[in-house]
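Residues -19 to -1, 1 to 512 (mature numbering (1 follows the signal peptide of the UniProt record, and there is no 0)) are what the sequence shown spells out, left to right.
Just so you know, the hints here were simulated from the structure itself, not pulled from any lab data. Since this is a predicted model, take the numbers as computed values, not measurements. Possibly wrong hints are sitting among the right ones.
Below, simulated DSBU-like cross-link-like pairs (lysine-lysine); rule was C-alpha separation at most 30 Å, straight line [said to hold, decoys possible]: (1) K142 <-> K157; (2) K469 <-> K494; (3) K242 <-> K270; (4) K478 <-> K142; (5) K435 <-> K478; (6) K435 <-> K270; (7) K242 <-> K435; (8) K242 <-> K157.
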Amino acid sequence: MRRLAAPLILAAHTNALLAGPPLKQQTRPCFAPATAPAVDDETDFVSADDLEREAFAEEVVVRSKGPTAAELRARAWFEAALQEAEADYPTRAPPEPWRFTRLDDLWRCAPTPRARGRRALAPSDLEPWLPADDDEPVAVLVDGVVDAALSKNLGFSSDRKSWVGSIRDAPPDVLKVMGPLHASLPEVVKEESIPQRVSLGGGALCGLNAACAPDAVVVWVADDADALAVADAARANAPDRVESEAACVRAHVVHARRRAKGAQHARTVISTGAGANAAVRESFVGFTKLDRFSALTNARTTCSVGAGATLTHVLDGNEAEQAHIHHATAVCARDGAFQSRTLSDAGALSRVCVDCDVAGAGAFFDFSGVQLGGSDQNLDLRTALTHSSPDADSAQDIRNVAAENARLVFKGRIDVPQLGQRTNADQLCRSLVLDDGAAVDAMPSLEIVADDVKCTHGATVADLDEESIFYLESRGLARADARALLIKAFCFELVQKTDDMLPRGTLDRLDAKLLEFEERQKNRRGRYSSI
């Protein structure tokens, strides 16, 4: 069986520790094991099914008999990687895509056996994360597995134009479309003309997700030929963008964690047919008190936007005191629109990567991201956009707010190859630094080969504008209240773009965090006044 080294090494990190005591050096990152098999041009990923059958088939053996042969091989592999990394750590710099992520914190999240006797979740526990409309489908995953009892309105819609549920329950027609999307990995090269990429350094983690994810949520929306025909006719008579007039299919995915420790691998696959319109929200929620860095969520979302279709994807991270890694990939066909919304504020370490290929003429990528960091949080937001077709547009707007000792990172890349003629791309990152101990690293970038483009990128890092504060003070607001109001307006300008997809629990959490910022500003002003 052909394998790629990195995913199996990381799979060992999750699976080999299930038996026996934990490894002594598990806080060390490893990316280049000395004993790894050679990787040649024909090396490919092993599928999750094959990996489960071959490498971990012996896992059914009773644990009292000791570690299985597969676990011993995985442990030996992982220990060799740790020894190789230990030789020159920390003098050796981490790989470039991970240079601003605290890898020590990431690798402190050691996987552990699944706990027994966990409290079952009740429907009332999920109320803050449910939509206001009871008719909208909600898929609830508990520790990575779809829970049919807690979920709502799964299966086909009444008009049979959409299907939401576990991939294990998908009907043949849906599985025929979603199966290849579920099995795809970033490193797979589909065409010789497309260069091989590793999706923002997440290839190994995506492979780990493919190997270890116990289930996957599928959101499938059928083609809407009538809406596509109307939109095509409108585009023929107007140069401006024409969005799909199809009724919007709204779906919600809630990833619930009950385990206080260990790794959770979440998987979501979304397909929007030609001319269709869909909005999908993913929320990650913890229902148990976590020790800092005791848990890791390694999530992956794959999106396909058909011709003339519109897909809005909202990513909402609510898991506190843990590490959260999420890789989202999307491909837009001609005249399609992918609207990505990301909100990061809860995790001790959060890294969200959004990779979009504007593969069809007239397609559009619209990205909005908000990061709110306090304490010593490390929040990292990455985007990679490829304009591989002509006459396509994109817009990216990122807002960062850093307080106390938080470190926030944004790194965005726009690639415009020779085929991307007449591209119109904008990328802007604006950041507020509220305390001296906070830091923001903003790195927008362009790589342009085409000669007929209009591309802009920029970044600002500053405190709040004194003139704006003075204006609000002249209207009777205290200085701390004026600062709090400006911070809230700075963030909620982008939050409003989520099309009312955010649940009440998320909005309450944002208000609470902004209130903490306000109280901190008041306390700081009080200390300064007493000096």
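Of the hints stated earlier, which fail here?
When the structure is compared with the hints, numbers 6, 7 and 8 turn out to be violated.
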